[in-house]
Structure formats: C-alpha cells, structure tokens
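Residue numbers (this note's numbering), protein chains in the order written: chain L, 1 to 424; chain G, 1001 to 1290.
Please keep in mind that the hints were generated in silico from the structure rather than gathered at the bench. None of the values given here were measured: they were computed from a predicted structure. We put the CB at the ideal spot given by N, CA and C, even for glycine. It is possible that part of the hints are untrue.
Here are a few chain L residues that sit away from chain G, every Cβ distance over 10 Å (derived from the structure) [stated by the list, open to error]:
hint: 1; residue: Gly238
hint: 2; residue: Tyr311
hint: 3; residue: Asn367
hint: 4; residue: Pro368
hint: 5; residue: His371
Restricting the straight-line Cα-Cα distance to at most 27 Å, the calculated cross-link-like pairs of lysine-lysine (DSSO-like) are [said to hold, decoys possible]:
hint: 6; chain 1: L; residue 1: Lys92; chain 2: G; residue 2: Lys1121
hint: 7; chain 1: G; residue 1: Lys1121; chain 2: L; residue 2: Lys136
hint: 8; chain 1: G; residue 1: Lys1121; chain 2: L; residue 2: Lys155
hint: 9; chain 1: L; residue 1: Lys92; chain 2: L; residue 2: Lys230
hint: 10; chain 1: L; residue 1: Lys148; chain 2: G; residue 2: Lys1079
hint: 11; chain 1: G; residue 1: Lys1121; chain 2: L; residue 2: Lys230
hint: 12; chain 1: G; residue 1: Lys1048; chain 2: L; residue 2: Lys130
hint: 13; chain 1: L; residue 1: Lys130; chain 2: G; residue 2: Lys1121
hint: 14; chain 1: G; residue 1: Lys1079; chain 2: L; residue 2: Lys155
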Amino acid sequence: MSQPIIEAHSLSKRYALGSIGAQSFREELNILWDQLRGRAPRQRSAPELWALRDVSFEIGAGEVVGILGRNGAGKSTLLKVLSRITEPTSGKAIIRGRVASLLEVGTGFHPELTGRENVYLNGAILGMRKAEIDQKFDEIVEFAEVEKFIDTPVKRYSSGMHVRLAFAVAAHLEPEILLVDEVLAVGDAAFQRKCLGKMEGVSKSGRTVLFVSHNMVAVETLCPRSIYIKEGRCAGIGPSPELIARYLQDSSARREEDLAPDRVQSDGTARLLGYRILNQDGEENQDPKTNQSFEVRIRVNVFQEIRQPCYSIVIRHHLGTLMTCVNTTEQGLEMDPLPPGEHEIAVRLGPVTFLPALYRMTFHLQNPQGHLYTWIEEGINFEIAQSPLYGTRDLDHRWGCVYTPVSYQVRPLAASSEPVKVNP
Amino acid sequence: MIQPSSATVPPPREIIIQPSGWAGLDGRELWDYRDLVLLLVRRDFVSKFKQTVLGPVWFLLQPLLMTVVFTVIFQKVAKISTDGLPGPIFYFSGMVMWGYFAQNLSTATTIFTTNAYLFTKVYFPRLIVPIATSLSNLIAFAIQFVFYFAFFFYYELFTPASEVLAIRPTALLLPLALLHLVLLSLGVSLWMSALTAKYRDFSHLMAFLTQIWMYLTPVVMPISIFPPKWQWIPLINPMTALVEWFRYSFCGRGTMDPLCIGLSLVITLVLLVSGVAFYQRTARTFVDTV
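Okay, chain L solo, but in the shape it has when bound:
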C-alpha cells in the first residue's frame, strides 16, 4: 500500500463553551436590532475551546494505532471528526475506506420492528447496501443465535439477544477502518470483552484500527504505534512503549490541576482555584490505588468571611455511576470559620475501595442551610491506579466499580447424619 489509509492535515475543532451561537430566536433578534441601530453588539463572550488543534498524522492500511491522552485532551473529538459525526473547524482529513466504530452497535434499532427488519435498517444506517445485507443475512442471524425469533419484534427480545443481534450486524460490516473508544463502549463486561476480542480479530485480518483507551496494557499489546494527544495538539506519533512512557511521565509530572474557570461556580463569596491529589504516602506523582487512602487538596480563595463553612462531595465513576456522596453537616462536623484569603482544604478519603478507573468529584463549599458559596460539578478528576487486587490480573471498569474481598468455602451437602449448619 503506497497511499496511507488515513491522512489528517492540521485538523482543528473549536467548541464554543456554554452555548453555540444565540440560545434563542429572541437573542438573535436582539443582536440584529443592535446591529441595525449601529450599536456594538451586546457581549456574547462564549469562551472557546480548541478540542483539536493542528493535528496531522498518517496511518497506513492495516496498522493498529493507539490514541493516548488525558481525559478532555481531544481523543474522542478526533474519533468523532474521523467518523464524520461532526465537522472539523479547519483542516482536512482523507480516508480511503469504510469507517465503522463500535459506538454504533444497535444504532437505529426500532423496538416495533422485527429482528429481520432491524438487521436491514441497522445495516443500511451503517452504510451497507441491501444486496450486501441479503448476502450476509444468514451469517448475521447465525452469529447472533436468534434464528427462531428473527420475525419477532425486537421489543420482545431479551437484552442479551438484542445486543447479540446488534453486534452481529456491526461485526459483518467489514469496515476497512475500525474506530474504538473504550471509555464510551457500552454494555456489560462480557460484551466489552467481546468488543476487545473482536478488535484483535479485526487487526489480525489486516484492517486498520484506531484504539482509544486508558488501559495502557491493552494499548501496548494491541498497538505497535500510537498517537499522543495533549491539550488538543498532537504531542507525538511513534512506537507505543515510547509514547506510553511519555504519557505516564507527563501525567505524573503534573502538580496542581487548575480548575477550568468557566466550570467553577461562585456567588461572589469565595472561588475555587485548583486541586491536588496526594496518595497515602503524601506523594503527588503517584495515583492512589484501591484500598488506599488519599487526599484531595482543594485551593480556595475566600473573599468574605464564611462563618459556618460546610463541605460537600459527590464522587462519580467516569461512566456515570454515583459512587458516594457525603457532607460535613450530615457527618455532624462543625468546621472552623474561613477568614478571607487563600486556603487549602484537605479532604481525606479512604481507604477507598473503588476499582481502577477515572472518577469525577463534585465539591461544594456551602453553609449548613445549603446556600452555595462556590462549587464545581464533576470537575475534580482522579484516577485509581491499576494494582493486581485479586493477585492475578489488572482490573478495570469492566469488572465493576468497587472492590470487595471475597472468599469461598465449599462443603458437601450429602445426606449424612450431620446437620448442615447454615451461616446466618
């Protein structure tokens, strides 16, 4: 193959934070009215964010390439642009082949339609011609193991059958290029393993794969080459081990994280500035592990004295599951007043039994009646690092959210004279 299968030439994508353009027709009319009267338009200072900035790379046919980068670095935006879900703001990409992503599994399935009708509809949405689906239809149905129910509306399917059928269609699409975003992959653990397995299969069959993951082990084993994206820019393309090392170094070199100013809310009494994560040994460059304690240190600028501060935290898994929420009022704690000036609030958590994954924390500084002084919604991110918890292998979100020690005891229930004791 002489020509690369994917070429990106300084792709850029800008998002206007908050709102895109005017929110309502009225606002647009106001702007128009101001222009007509020759006045300067009212302030529409929507802050901008370059999710991608001048990203260029080439990928040859048959390559399996990892995409590395911290959350919000622009990895998902890159996949969205390459799969044409959204358009870049500037730049150009050339793709020579059919693109599919595992995000699309089951897209367009309609509950009222039969399995057969849905296979055709879903296939056509993914870009297959009817003749092509005709050809593969039997294979798809066999793969999904739903022969008996193929003419039943899918709303009567069990969720397992539903997923199997959806996956079967996607698996028979035979794209030349497969885009996989692991964080966004839906479904249960078995299904996600199937996706990963499918990916391996696809890459072995000589197709091109772009793989976004936080699982460095997976990236290193599956992808010989990687692209490292940092703050929307392409920070490096090259052999995966090298880039993974750089990525890990960058993420450990971070000191305090700034809180995005547009995400911090404030009533004018105080304002959150930034935060640091310290593991149980007080180290900042090592992510905490499961079953360890750690500290979140939040820096806040207080403008007016807060007599009865009350701290409230909410932690969510990056897939959205609510992990825990707690506040000082409910704990019966009375916190010392906060005089004006900068303070660091150390929130000590733990030992925390969360499994390795990314977590997002919400922090409120409020009064006991619930009036909020300053707060950030899901803006404090921390990662629970990989550790061989059960002693055999690394665990990630596919194994759930929390760690519980489990032990087993098996006793024969033979019809012996001994009564079997059942534990309460």
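Please build the complex by placing chain G on the supplied structure of chain L, with the hints as guidance.
Below, chain G without anything else, positioned relative to chain L:
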C-alpha cells in the same frame, strides 16, 4: 472474518473530511444510501401503526373528521361559499393536497430532536431523513387520494351536484403536480427543521404558522372570498396553485392561473435550494449543540 479481497471489491471511495461551508450536496453519496431511504419509510409506516386499533384507517379518519368540522362550521354556520361545489367535496379536495403539506411541516420540527440519537452516533447523509419523511407521508396522501374518488362518485352518481362535478384532462398532470408538491413540502420542511434545530422557539410557532397558512390557501375558503384588493395574497402563496390545480382537475371548479403556477414553481425551487443548503449547514455541526 473474511478480508474483502481487492479483486472483487471496488476500491473504496476517498472520503475527504473538511469544513464545507455553504456548499455540499453529494448526489452520488445520496444515491448510495437509497436503500436506507426505503427502509426508513418502512420503519415510519410500521412504527406509526403498531399498537393502534385502526392502523392506516387513521389516514382517512383525520381528513374525514376535518371535512365534517369544516362543513358544519364554514358552510352551514358561517355560510362561506364553496364555489358551487358540495361542501364535503370542496373541503376534502382541498385537504388532499394541503394535508400532505401540513403533515410534512409538523414532522419537520422534530427531525433533529427525534433523530439526535442517530446523528450523534453514526454518519450518513443527513438529508436522507427529511427525504424519507416526505416519501413516507406520500402513503397517507395515496390513501386519501383514492378515498377522494369514493366521495366524488357518490356525489356524481347519487346527487344533483353531478352537473358541476367533472374530471378534466389536466388530471393527467398528476405526476408533475405530485413532484411539485413533494419538492415544495421538502423545501419548507428543510427550512423549518433547520430553524427549529437552531431556535427551539419554532417548534411552538409551527402549529400556529400552519393554521395561518391554511387560511391563506383556498382549502376552506375559495379565492373569490378574498376582497379584490387582497386577492394577491392567496396567489403568491405557492400552495394555492397546487390546491387549485387539484380542484380544477378533480372537481371541475377552481382556477388554473399560469402566473400563479409559474410563481409557485419559482418559489419552490428557491425554497428547495436554499433549504438544502441551510439544512446541510445546520446538520454538520448539530451534534456539537446537543
């Protein structure tokens, strides 16, 4: 997994991704997705009537009930002229063309919101959705059109109104008129769906707008009822030509004004071309706003 061999599969088309500004209608790509259009039409039809008792009978019931209401209110109570036609014939004939148009307008406002789950996940030419919608609305049109003849023959055979009723040779223009109707409806729908995606205000405005538009079209009131000074209003309305063509061809009353038809064609083309451009432009970055 079998690797498609390059000998049997034609080399895939180069996809070029770049900001496309105002231009951008890829006819070939649209054609490649023609199967999807048909499957979406089928989905619309099936899903609309699953779990309804009457099923497609609703297509008939709606205009029938409207006809009854119009006959009572406009003919019997308000005593508004029906151009010498029996009331039900006059109203139903207007409803056949107008009904299709109005149905398209009401679905247009929800195109982006109801398909957001598709648009955010997979790429296909976004124009496919409104095209499929306007085609699936043709099913209702066809049923109503056939039913209209039941009305027609009843009055032709069993009432003295048979003297005024006639089917004229212009009825043969049906395919052209239908194409005109579909393109006009599509043009307006594209505008409305793009506007609604940008400003949700239009979803509230739409029902009201459709009502006003109907009264400015000779659906319930003949053109002759407008004072001479205001006759130009129904005439510049692109739907008038179509409704009047139908009444002229299938009832034997009404006017075929070449100026009105020509104007309607021009307006249709302008709305369609600008509608496609506006819709495409909106669709390209719509997912960034949801």
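Taking 10 Å as the cut and beta carbons as the points, is proline 368 of chain L off the interface with chain G?
-> At about 38 Å from chain G, proline 368 of chain L clears the 10 Å cut-off, so the statement holds.
Verify that the Cβ of histidine 371 of chain L lies farther than 10 Å from every Cβ atom of chain G, and report whether the claim holds or is violated.
-> Non-interface label stands for histidine 371 of chain L: nearest chain G Cβ at 32 Å, farther than 10 Å.
Least C-beta distance between tyrosine 311 of chain L and chain G, which was stated to exceed 10 Å | About 34 Å separates tyrosine 311 of chain L from the closest Cβ of chain G, which puts it past 10 Å; holds.
Verify the proposed pairing of lysine 1121 of chain G with lysine 136 of chain L, using a straight-line Cα cut of 27 Å.
-> holds (23 Å)
Closest CB-CB distance from asparagine 367 of chain L to chain G, is it above 10 Å?
-> holds (36 Å)
Cβ separation check - glycine 238 of chain L to all of chain G, threshold 10 Å | holds (24 Å)
For the pair supplied as a hint, lysine 1079 of chain G and lysine 155 of chain L, is the alpha-carbon distance within the 27 Å limit?
-> Violated, at roughly 51 Å.
Can the restraint linking lysine 130 of chain L and lysine 1121 of chain G be considered satisfied, given a maximum Cα separation of 27 Å?
-> holds (21 Å)
Hey, lysine 148 of chain L versus lysine 1079 of chain G, does the alpha-carbon distance stay inside 27 Å?
-> Roughly 62 Å separates the two Cα atoms, so the pair is violated.
For the pair supplied as a hint, lysine 1121 of chain G and lysine 155 of chain L, is the alpha-carbon distance within the 27 Å limit?
-> holds (21 Å)
When you check the alpha-carbon spacing of lysine 92 of chain L and lysine 230 of chain L, does it fall within 27 Å?
-> OK: lysine 92 of chain L and lysine 230 of chain L at ~20 Å, within 27 Å.
With a cut-off of 27 Å on the C-alpha distance, tell me whether lysine 1121 of chain G and lysine 230 of chain L pass.
-> The hint holds at about 24 Å.
Hint compliance for this structure: hints 10 and 14 are broken, all remaining hints hold.
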